[in-house]
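Undergrad: Protein chains in written order, with this note's numbering: chain F, 2 to 98; chain G, 288 to 648; chain V, 38 to 299; chain H, 96 to 640.
FYI, nobody ran anything at the bench for these hints, they're computed from the structure.
A hint or two may mislead.
If you want a taste of the chain F side facing chain V, the calculated C-beta under 10 angstroms gives, among others [to be verified]:
| id | residue |
| --- | --- |
| 1 | ILE16 |
| 2 | ALA31 |
| 3 | PHE32 |
| 4 | VAL48 |
| 5 | VAL54 |
| 6 | VAL55 |
| 7 | VAL61 |
| 8 | ILE72 |
| 9 | ALA74 |
| 10 | VAL76 |
Here's a subset of chain V near chain G, in silico, CB distances under 8 angstroms, partners left out [claimed, not checked]:
| id | residue |
| --- | --- |
| 11 | THR152 |
| 12 | THR212 |
| 13 | VAL214 |
| 14 | SER215 |
| 15 | THR219 |
Beta carbons: idealized from backbone N, C-alpha and C, even for Gly.
If you want the building blocks of each chain, they are given just below.
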Amino acid sequence: MSEHSHPTPGLYVVILLALVVGTCLTWGIAFVDLGKWNPVVALTIAVIKAVLVVLFFMHVHYSSKLTKVTISAGVFWLMIMITMSLSDYLTRTFLPQ
Amino acid sequence: MQLNFPIFPEQASSMAGQVDALYLFLVLITTFFSLLIAILILYFAIKYRRTPGRQAEQIHGSTLLEIVWTVIPLGISMVIFVWGAVIYYHMERPPANPLEIYGVGKQWMWKFQHPGGQREINTLHVPTGRDVKVTLISQDVIHSFFVPAFRVKQDVLPNRYVFTWFKATQPGTYHLFCSQYCGTKHSGMVGQVVVMTPEDYASWLASGKAEGSLASLGEKAFQQYGCTTCHRPDSGARGPNLEGVYGRPIRLTDNRVVLADDNYIRESILEPNAKVVSGFQSIMPTFRGVVSEDEIIAITEYIKHLSPQQANPLNNRSTPTEIRDSEVPNIQQQNKQQNQQQPAQQTPQGKRPANPSGKKP
Amino acid sequence: MSTSQTTTTDHHPALAHQFDSMEQQQEASTFGMWVFLLTELMMFGGLFTAYLIYRLKYYPAFVAGSTSISVSWGFANTLVLIASSFTMAMTVWAAQNGKRKTQVWLLLATMVLGTAFLGVKAKEYYDKWDECHIPGHVIGKGFNAWGGCSATDKSLGNIAEEIRDPKAHGNPNVTEVSAEQTAKRTEIFFSFYFAMTGLHAFHMVIGLGLLAWLTLRARSGEFGPAYYTPIELGGLYWHFVDIVWIFLFPLLYLISRHQHGV
Amino acid sequence: MSTATAIVKPVMPERHFLNDNYGIRSWLLTKDHKRIAILYLFSITFFFLIGGVFASLIRLHLLTPNGELFEADTYNKLFTMHGVNMVFFFLIPSVPAVLGNFLVPIMVGTKDLAFPKINLLSWYLYMAGGTFSMAAMVSGGVDSGWTFYAPLSSGYLKTHVIMLAVGVIIAGFSSIFTGLNFIVTVHRMRAPGMTWGRLPLFVWSNYAASLIMILGTPVIAITLILLALERGFHIGIFDPKLGGDPVLFQHMFWFYSHPAVYIMILPGMGVISEIVPCFSRKRVFGYSFVAFSSVAIAVFGFVVWAHHMFVAGISVYSALVFSLLSYAVAIPSAVKVFNWTATMYKGSIEMSTPMLYAMAFIGLFTIGGLTGLFLAALGLDIHIHDTYFVIAHFHYVMVGGMVTAYLGGLHFWWPKITGRMYPEAPAKLAALITFIGFNLTFFPQFILGYMGMPRRYWAYPPEFQVLNVLSSAGASVLAVGFLLPLLYFAWSLKYGEVAGNNPWQATGLEWETSSPPPTHNFHEIPIVTKDPYAYGEDAEVTVVH
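Could you put the whole structure together from the sequences, leaning on the hints where they help?
TA: Okay, structure coming up:
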């Protein structure tokens, strides 16, 4: 990895600013009524922020394919857990309590 | 020790034959492949045993063979899947016009309530030739209602109704097991299912001491807890009118549509504010910790029997909230069909449970 | 075979015996960290799955519970954590470029920010304690959605009151009875709030321990362009914890905020 | 080739990992993967014996139908502790932590695992987890069943559920670290020339199992943590009384615990893939299919978990999906069985002890796997779910499959680990006894299960007694079969014939180094130029050292 290029402090500052803007945006939009899109927007911003952190702060943008595959596998497995669990809950009348 | 021990369970329900057929098919498959592999291994081990000078013939593999023994098992397993799924679907889809029995599991006993008001503990009497639907709930941990002779099993969950159904074919006495580990006396949570001919069953029903039908018990509870104060048919009522509501889609304040089934009624008693009917205020207090499971069952049964004076009101779709079929979530469709048969329900000897609507709430 | 045991002379002191070269060591260590973060992801993932299912099930209660926690503190904490991620990223950069003093200062800055985060978290927890919004019957004096089981100010933490607040222009059908029932169910929201933020805070504490250890090693000049793997691994861990929070913030603090105002 | 080995009488190497260092410290603080494997060997054997004692007591109790030997509570504790010990402290770590730990670095041609300290830590975690579970056992036992189903375990039992759960969680982290070490080692530490296509199948299968360890185990950890929180602080997660959902516990539990059975069986399959070619003197048939089927099992294994929940109240549609997907796991398993069988075709087969175990494995695993089809078939599973049929099925896979493979592997690599041969005659006898005892124990349980005998029953209807007596009788035979190896393995440490580097004339890097191997595995890091299992080409050449 040492031969690969590394991000510079300048880029780090840009990412930091992007993250701060993202956070403020999340906060601000939370008070605007978007109906059912509120959580979607909030999570989309969260995903973008997470991707920025992963790519640049965690250097994945500059890392080997193996690292990228590893991360994708993790996300994929998480999705398996969530979607397959929900496949049960969403297809029965929800547990009345 | 019984030395003439059986090695195959009795078949006492309409489902048993179907399940056994699949079982025997699978036994056949298993025997065939196990023997095939065993014979091949032993044959190779002997035929190609190491003798001085024997050289193995190097074979790297064969893609054709790999494909063959991928596709054949895949084909066989798809047959098994479809076969199993068909039986399962049949099991999960309750029959029209069943005899409805309620069962409550608790550490460590089974309680059953018949529509006529008869109660039993650890014993369940059912007639032959009639579809019996057992609606189950647990008072504490998870239990499982298991009658091997019928090939039915259903985990019994706390706080949620589940059901299983069967059609007994052979009179006799069969095991009832709890098959989900439920604590110290798990193996003591056993009982009997007594299957009788319809005539015997009728006389058993008649001989049983019932304090009145389940629905009439429910009516008593309904009045005792003051439900009638708000749930009235007149226009000024503070709660929705419950007449003919059972089995119908209901529109809620948040525009969702749910089905008024056993679970919905139960939830509305215990957590009234969770799904409030459109046009009503959520002012009903919770009855959690006040009513018992048995009473909820009785009240549910009572609500089922509450019908407006029209002939068959539950088939009448034009409810006050105007719900179209397409709005009802798919999963609920099948429940609905089954539930619409409800008003026709009668006990075998043709005696309707004490008519609660005689005293219109 | 390039390296074997005989050529020990050109070994970097930090090269472990099982590796052939510093490069292999660094690649293996980084990859190992990623694999570990995968398990962490699945661990938090289990919680997120459960959270999602209950959020669907008890949505009104989750809204009420979410509204009762302070969005300002959560917002501030998000910024603090993002800033700490930045200083951590800069630490790795400083190590790569052999800036020893900068490394130490940046590590200290990261730790200060991390501690600040935990401080805010502690303050939030204390508020919930004060309002008797701790789920269960063992810690505190039992859950009380009406709040104020020990506080003098009775208006504090009355979730039922908040649900009925005219400002809450959500469901016009809210009545005293239904508000009470919803308020009771917020207990399950708080179970998840404490489980998720608690597990996250636990990771922060471990992270701070790691950073302290790294600071000591950085001070002795152990890390430079040739060897900075531990700093990088610490950074990966710290950023992961940051990412978890990036999701926790909207999921816990911002459920249907628009109905209730700040 | 037999003449070549007969002439050169092998001698023990002067220095090897066992005599490089002495003293308790050199063991307890060792970072050598081989010594850690030995530590695991002893501790796992210990837990196997404890679990075995519980199993024997269960079978003894079930001789009579009315529950005459133990109280119901005691019986419930017995099967709980049997399950917990065997699943979490024997089956999951057995092949990976003992044989895998010893062999994976040697097989890929490196000096040690990537993270030796973490490897040692994982043994300590295992022991700490074991200590918690033993403490729970000693302080009164736990009667939750190894599945810990809520709300029974979270709200109703009076025993030390939390302590046991903590033990399982800690042991889980031990497993995570082992998996992590394997994955990194396989990716980053392979010797020059050791391409993915040349990796021994044992490494492939351990790699696949490691994937499950790192992706699945954290979920059981968080599940049990939530369970412990609910039990300790009465917060509502799973208990419906507190607003929770008990089915969610089952989803999360089986998300790990179903793939976990592949953690158990995959490394066992790897052992068989080594033994069969060696004693058939043949390349493994369809190398890449066997290798990829391991990975396929690991991946598909994650999407089938709810087939444990067909009667638990999940939705009809989800049950259909999970049933369909369950058959996806059956295919790669079948592919493996066919490939092993084909490997024997036209071989030069020597029926030594490891081969006997391997053949037993193939047969028993076939039965175990095929009876899994019964349980994945929805309509049929309704009847046999939670009966002795399930018990028989998973013991066929776990004992008939996994334990058999473990014993086979132990015999196969015993000369490599200790430098000495085990005695062949008693070993063959033990293999035979195990096979007979095993079938006698568990075959009747299939019939019992279809008859409807539910599992975890302290007392049962009298018509089930004959089959239960048969099963118990088989268990006593099986116990003899399991105890015999203990004796002759111990005996062989002193009196066994010196094995030499490659007593089986097998291929693979582990056979190119001395037996026992030196501390750093190889005197010189090997360069791999051949395909794996290159039997019949120049296998003999490698023997001469």
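Undergrad: Indicate, hint by hint, whether the structure satisfies it.
TA: These are the hints, each one checked on the structure:
1. For ILE16 of chain F, the suggested interface contact is upheld, since its CB lies about 8 angstroms from the closest CB of chain V, less than 10 angstroms.
2. Given hint, ALA31 of chain F at the interface with chain V, holds; its Cβ is 4 angstroms from that chain's nearest Cβ, closer than 10 angstroms.
3. The interface hint given for PHE32 of chain F is met, as the beta carbon of that residue sits about 5 angstroms from the closest beta carbon of chain V, less than 10 angstroms.
4. Look at VAL48 of chain F: its Cβ gets to within about 8 angstroms of chain V, closer than 10 angstroms, so that hint holds up.
5. The closest approach between the C-beta of VAL54 of chain F and any C-beta of chain V is roughly 5 angstroms, which is under the 10 angstroms cut-off, so the hint is satisfied.
6. The beta carbon of VAL55 of chain F comes within 7 angstroms of a beta carbon in chain V, closer than 10 angstroms, and the hint placing it at the interface holds.
7. Hint status for VAL61 of chain F relative to chain V: holds, with the closest Cβ pair at about 9 angstroms, below 10 angstroms.
8. With a cut of 10 angstroms, the hint placing ILE72 of chain F at the interface with chain V holds, because the nearest CB-to-CB distance is about 7 angstroms.
9. Because the smallest distance between the Cβ of ALA74 of chain F and any Cβ of chain V comes to about 7 angstroms, under 10 angstroms, the interface hint for this residue holds.
10. Hint on VAL76 of chain F holds. Least Cβ distance to chain V is approximately 8 angstroms, under the 10 angstroms limit.
11. Interface hint status for THR152 of chain V: violated, as the beta-carbon distance to the closest one in chain G is roughly 42 angstroms, over 8 angstroms.
12. Interface restraint check for THR212 of chain V: the shortest CB-CB distance to chain G comes to about 5 angstroms, inside 8 angstroms, so the restraint holds.
13. About 5 angstroms separates the beta-carbon of VAL214 of chain V from the nearest beta-carbon of chain G, less than 8 angstroms, and the hint is met.
14. At a threshold of 8 angstroms, the smallest CB-CB gap from SER215 of chain V to chain G is about 3 angstroms, leaving the interface hint in force.
15. This hint holds: THR219 of chain V has a C-beta 6 angstroms from the nearest C-beta of chain G, less than the 8 angstroms allowed.
Checked against the numbered hints above, the structure violates only hint 11.
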